Each structure stands twice: as C-alpha cells, then as structure tokens.
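Use the sequences and the hints to build the structure in full.
Residue strings, one per chain:
Protein chains: 2
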Amino acid sequence: MRYELYYWPEIQGRGEFIRLALEEAAADYVDIARLPGKRGNAFERILEDAADGRTPFALPALKAGKLVISQTANILQFLGPRLGLVPKAEAARLWAHQLQLTIADLVGEAHDTHHPIASGLYYEEQKPEALRRAADFRAQRLPKFLGYFERLLGINPAGDRHLVGRSLSYVDLSLFQVIAGLDHAFPRTMARMRPRHPLLAALHRRVAERPRIAAYLASERRIPFNEYGIFRHYPELDKT
Amino acid sequence: MRYELYYWPEIQGRGEFIRLALEEAAADYVDIARLPGKRGNAFERILEDAADGRTPFALPALKAGKLVISQTANILQFLGPRLGLVPKAEAARLWAHQLQLTIADLVGEAHDTHHPIASGLYYEEQKPEALRRAADFRAQRLPKFLGYFERLLGINPAGDRHLVGRSLSYVDLSLFQVIAGLDHAFPRTMARMRPRHPLLAALHRRVAERPRIAAYLASERRIPFNEYGIFRHYPELDKT
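Keeping their order, the protein sequence lines are chains H and E. All you need for my numbering is the position in the first sequence, starting with 1, plus 8. All you need for my numbering is the position in the second sequence, starting with 1, plus 8.
Hint data in this document are derived by calculation from the structure and do not stem from the laboratory.
No copy is singled out in the list; a pair is fine if it fits within one copy or between any two copies.
Below, in silico cross-link-like pairs of lysine to aspartate or glutamate (EDC-like), each with a Cα-Cα straight-line distance of 16 angstroms or less:
#, residue 1, residue 2
1, 74, 12
2, 152, 56
3, 71, 39
4, 71, 98
5, 74, 98
6, 71, 60
7, 152, 57
8, 152, 113
9, 71, 52
10, 152, 117
11, 135, 244
12, 71, 57
13, 135, 235
14, 71, 56
15, 135, 246
16, 74, 60
Note that the structure is a prediction, hence the values are computed from the model and not measured.
Here it is, written out as structure tokens:
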C-alpha cells in the first residue's frame, strides 16, 4: 500500500506526527505537496467536495487506496496497526488514541500561545494577548501536561520506556515531536523543567536515536522549525 | 453492561455528548457525580493513578466493566457500535470519528470565546481579549464550521438527513448539541445565520423531536445551560 500524505509543504505542523510514524515504519509514502516541480501544487484539492461525500475540514489528510482520512489522531489510529505502531488489543488501542488526543490538546494550546485571538491574524496583531496566554501556558498548562505524561511513564506496568505497553507506539513518536517543538519554542522554560521530567527527557532522546528517525531528522525531508508552524520561538513568550 | 459516566455534575459540558448518546440508546448507565446524597462525591478519584497505569488526563471518563476511557470523541467511538449509533464498516466509523473530532475543535473554539487567555481565570479577568476572540469566531470560524457541516449534509450520497450514512449516528446527536449550545450562547448571530443553514436547522429540530431525546431534554437529567459550561450567553460577545 502506497500512502499519500496531503499537508502544507513549508511546515512540520500537524503533518509531522504522521510523517514520523511513516518514517519509523519505513512505509511506502508520498508527501504530495513536496513532490518536485508542479506535481504537488494541487494538494489542496483534496478539500474539495468528494464524490463519496467524505470531505475533510482541514489538512493533514491521508489517502490510503480509495479512503481519505483526516484529523491527525484519526490518521494515526488508522495507521497504527498497519504500521505495527500500536498493540493489537482494543483496550490498548483506545488508550493509545486517548493519549494521542491529549497530545493534540497540548499541541492546540501551544499553538494558541502565539495565536490566542485569531489564526487568521498575524502574531504581531495579537501580541499583548499572546504574552498573557503564554505566561499562563508556561505557569499552569505546560507543567500540568508534562507532569501527566511523566507520571504515566512512571506508572506504566510494562516499564517506563514507553507510554503504551512494552514497545514503541505512534504515541511515543508524537510525544518526541511535542518535546522537540517545545524545546524549540520555549528553550528557557523547558531547560528549567527538564530536571523534573527525566523520563520524558529519556524518551525524547531514545526516539531521536532510533536509526530511521535519526536518518529522517538528518535528511531534507525534515522541514526545520520556523515561524509559520505550531512551535515558534518568540523569546518574549519564553520569559521565566 | 452498566456504563458509569464520570463528569462534573453542574454543567452539560463535554459530558453532554456522552449523555445524549446513552439516552438515545436507552442504555443502562449511571451519572456517578449526580447520584443522590454523598455517593457521587468521589467521582474525581477516577483521575488518580490507576493500577493498570491508564489514568485519564481530564473528565469526562466512562467506565465499562474494567475499562476506563476518556476523551469525549474516544468514548463515543467506543460506545458507537455498542449502542447502534454508528455503521459497522471501518470506513464509516473512521468518517464518523473524524467528524466528531472536528466537532470537538468547534466546541473548543466556542469555549475559548469566553476564555481566550486561561481556563483558570474568570471570564471577567479576560473580557477585552474575549471580545476580540468572539468577534473573530462570529465572523470567521463559526461560518466556516457551520458551512462545512451544512455542505456535508447536502453532499451525503445517502441523503441530507444524517451526517454519516442513512441513519442516526452519535455525530448527529453531537451536532444537535452544538447547535443548541450555539443558539444559547450566540442567539443573535445564530438567528442571522440560520436561513443559510437549513439542513443543519432541520437536523437540530429532528433530533430534538426524537422521543427519547425529547423525554431527556424535558427531564431533570438535562442540566440547563448556565454560565459555568462551554456555551455561555454573554450578550456582549454576541454583537452583530
């Protein structure tokens, strides 16, 4: 099965959670919008009315045969068993998906630190509000989320190296990406918090060192962090 | 199977999407925090460390036998086939879940109109920001979401009465709840938008008239809208 990923070509964004799963599994996939030349230009047409009526609201979308799926966590839930990145039992899959949805909540809140008023406006147009929201994120929300995931690693009966069971899942890959993004966006805050979250730091390191992930991160397929995506480094939002 | 719902007893909130599905299916369930006397007081203990390591981040949570599930859309995905509220085919289930996640996005944005800075602060402490965010929600985001769902009803090959296939699903129930909430929170804006969204208005009416839903809405089990929940009526946020 050749998978087709439809996502914006200039950012990691939410598409990156899908890319990491496909890369770790060495899956056969095409990142449509990043095809050379003009071939990828029409990627947004997947948002036009579909013949089966199943049109996505937004990207990323994944095409698998005739199926078009969107919503990042939903795509990962679909890919998980096919790529060997989630256990087979229903209870474990529900748990993995539940964690992925909690990661999605954290990602949304990280995004809203620089866009608390409107995603259609520039950061500069909502900077006073961003300063306030980012302060609350650093003081309240981020510690709550990181503390939760650190605690889960500690109480996982199968060991503290993975969030779901005893082996790597797409949830570990996604949490790696979130930590990488937070390290980029909030380096001072994260440096301060790291000593209190040793299991998360170790998970982040282990994922980065996996051969396929390391190769991906060093390749041109990995888009660098920038000031268009979810995780943006604005020093004024990272005061401690 | 007797289901146990764990959610705040004073608000509809995200728990209401679960309640509606359980009510429509006439499922055997207990709304733990609303049990009479002191029996429901310990509902938050479900957020304490679980022996199997699968602790929810937040409520609502559903207990089904030994399984504890959280994240609203995940709970509905679990209940859907068990309550006969989603088609059997995998593609249809993924589609239903994708729509539910898009509804969750809309619900989050509706909440953030009155809490754009911090969920831990009062509305009055973030009112200038709320005025700005609500203006963008009314002008940009709400029309985009409602237009999307109206369009989906129109292009559903199985007819314009349901979002998924040819019969009622938990997604229809959730969209009913969103429209009811928006009508409460933004009555002027919604009155202005209604003529352009006739299929949504008809779906909302039909769901409200279903015998079990009508009985539920008229019962004391339905908590009234209030100024603690997601959908709050602050007239200043509903200027047109």
